[in-house]
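Asker: Sequences are here, hints too, so could you generate the full structure?
The primary structure of each chain is shown beneath.
2 protein chains.
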Amino acid sequence: MKNSRKIKGTAAERELLHKFWSVGWACLRAAGSGSMKYPCVDLLAGNKVRKLAIECKTSKALIKYMSKDDIYQLQKFSSLFGAEPWIAVKFDKKEWFFISIEDLRPSGNSFAIDIETVKSRGLLFEEVIKDEGY
Amino acid sequence: MKNSRKIKGTAAERELLHKFWSVGWACLRAAGSGSMKYPCVDLLAGNKVRKLAIECKTSKALIKYMSKDDIYQLQKFSSLFGAEPWIAVKFDKKEWFFISIEDLRPSGNSFAIDIETVKSRGLLFEEVIKDEGY
Numbered sequence: 003m004k005n006s007r008k009i010k011g012t013a014a015e016r017e018l019l020h021k022f023w024s025v026g027w028a029c030l031r032a033a034g035s036g037s038m039k040y041p042c043v044d045l046l047a048g049n050k051v052r053k054l055a056i057e058c059k060t061s062k063a064l065i066k067y068m069s070k071d072d073i074y075q076l077q078k079f080s081s082l083f084g085a086e087p088w089i090a091v092k093f094d095k096k097e098w099f100f101i102s103i104e105d106l107r108p109s110g111n112s113f114a115i116d117i118e119t120v121k122s123r124g125l126l127f128e129e130v131i132k133d134e135g136y
Numbered sequence: 003m004k005n006s007r008k009i010k011g012t013a014a015e016r017e018l019l020h021k022f023w024s025v026g027w028a029c030l031r032a033a034g035s036g037s038m039k040y041p042c043v044d045l046l047a048g049n050k051v052r053k054l055a056i057e058c059k060t061s062k063a064l065i066k067y068m069s070k071d072d073i074y075q076l077q078k079f080s081s082l083f084g085a086e087p088w089i090a091v092k093f094d095k096k097e098w099f100f101i102s103i104e105d106l107r108p109s110g111n112s113f114a115i116d117i118e119t120v121k122s123r124g125l126l127f128e129e130v131i132k133d134e135g136y
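Quick mapping for you: the protein sequence lines, in order, are chains A and B.
Read in order, the letters of the first sequence are residues 3 to 136 in my numbering.
Read in order, the letters of the second sequence are residues 3 to 136 in my numbering.
I should point out that these hints are in silico values taken from the structure, not numbers from a laboratory.
We put the beta carbon where it would ideally sit given N, CA and C, even for glycine.
Check before you lean on any hint, since a few could be wrong.
Below are the EDC-like pairs computed for lysine to aspartate or glutamate, each with C-alpha atoms no more than 16 angstroms apart in a straight line [said to hold, decoys possible]:
#, chain 1, residue 1, chain 2, residue 2
1, A, LYS39, B, GLU17
2, B, LYS121, B, ASP105
3, A, LYS50, B, GLU86
4, A, LYS62, A, GLU118
5, B, LYS21, B, GLU129
6, B, LYS50, A, GLU86
7, B, LYS62, B, ASP94
8, B, LYS121, B, ASP94
9, A, LYS96, A, GLU118
10, B, LYS59, B, ASP116
11, B, LYS39, A, GLU17
A partial selection of chain A residues facing chain B, derived with a Cβ cut-off under 8 angstroms [said to hold, decoys possible]:
#, residue
12, ALA32
13, ALA33
14, TYR40
15, GLY48
16, LYS53
17, GLY84
Pairwise CB distance ranges, derived in the manner of DEER restraints [to be verified]:
#, chain 1, residue 1, chain 2, residue 2, range
18, A, ILE103, B, ILE9, 33 to 39 angstroms
19, A, SER112, B, THR12, 30 to 36 angstroms
20, B, ILE9, A, GLY110, 36 to 42 angstroms
21, A, ILE65, B, SER112, 50 to 56 angstroms
22, A, LYS95, B, GLY84, 32 to 38 angstroms
23, A, ALA114, B, TYR40, 32 to 38 angstroms
Answerer: The structure is reproduced here in structure tokens:
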């Protein structure tokens, strides 16, 4: 079960990685994020003007819960590295949406975001890579 | 043999990763560099002002050879991502030195660099992370 989640997670990260390369951004997946004591993120994407640190999440339900620790790591890594922190969320049969940390709702030991908030507040891939204003 | 080289390579990358975190830079190792069709690098390190893309090399001999493809990937990735390309070289029992691509010497299908050139042209870790002038 844990392994199958891990494989799906990797597939989701790779899907996004392909999207960044297809529009001329460089992107890489981080190795061994779980095995080191340092904050880590799933993906780093960049071009000459912008750097995005990305945590990837997929969900088959209508609400996605994520551990607070994952989000704190995203925040910490981005702040030190000098990158914009984004959560990329893909609900079943929907496109990828990019969410800011402030759009997450605390829910016990987790953060949560529902599909309606994602659709109203999230940016599509084409929107998140726009360089205007940077 | 190939596996033992890979393990040593990973250990060398982790050693450098610790050094960057110890001085307040964020750093991550790239996953599956060999398995994707995109240019990749071993490490990405960054702070608010600088981003370094790093290819790590270790050698027990007095000359280090590296594949031209590794270096072209470093060049390509850095240019797209908007990072400085560096080769981190560690000769046996010496410290890490950071070398620019232009300090490498073409040698057939490889690039080569000898220990004397590394010592005279390379930057020490403490020098490469200096933010003056940036």
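Asker: Against the range 50 to 56 angstroms, how does the distance between the Cβ atoms of ILE65/A and SER112/B compare: consistent or not?
Answerer: holds (54 angstroms)
Asker: Holds or violated: 36 to 42 angstroms for the Cβ distance of ILE9/B and GLY110/A?
Answerer: holds (40 angstroms)
Asker: Verify the CB-CB distance for LYS95/A and GLY84/B against the hinted window 32 to 38 angstroms.
Answerer: Holds, at about 34 angstroms.
Asker: Grab the minimum C-beta distance from GLY48/A to chain B and call the hint holds if it beats 8 angstroms, violated otherwise.
Answerer: holds (4 angstroms)
Asker: Given ALA32/A was flagged as interface, is its beta-carbon under 8 angstroms from a beta-carbon of chain B?
Answerer: Holds. Min distance 4 angstroms.
Asker: With 8 angstroms as the cut and Cβ atoms as the points, is GLY84/A at the interface with chain B?
Answerer: holds (4 angstroms)
Asker: Going straight from one Cα to the other, do LYS121/B and ASP105/B come out at no more than 16 angstroms?
Answerer: Status holds; Cα separation ~11 angstroms.
Asker: Holds or violated: LYS50/B with GLU86/A, Cα cutoff 16 angstroms?
Answerer: At roughly 11 angstroms apart (the allowed maximum being 16 angstroms), GLU86/A and LYS50/B satisfy the hint.
Asker: Using the C-beta atoms of ALA114/A and TYR40/B, is the stated range 32 to 38 angstroms upheld?
Answerer: Given about 33 angstroms between the Cβ atoms, the range holds.
Asker: Keeping to a limit of 16 angstroms between CA atoms, is the pair of LYS62/A and GLU118/A held or broken?
Answerer: The given pair, whose Cα atoms are some 14 angstroms apart, holds under the 16 angstroms limit.
Asker: Would the hint linking LYS50/A and GLU86/B be met if the CA-CA limit is 16 angstroms?
Answerer: holds (11 angstroms)
Asker: Just to be careful: measuring from the Cβ of TYR40/A to every Cβ in chain B, is the smallest value less than 8 angstroms?
Answerer: holds (5 angstroms)
In summary, the structure agrees with every hint in the numbered list given earlier.
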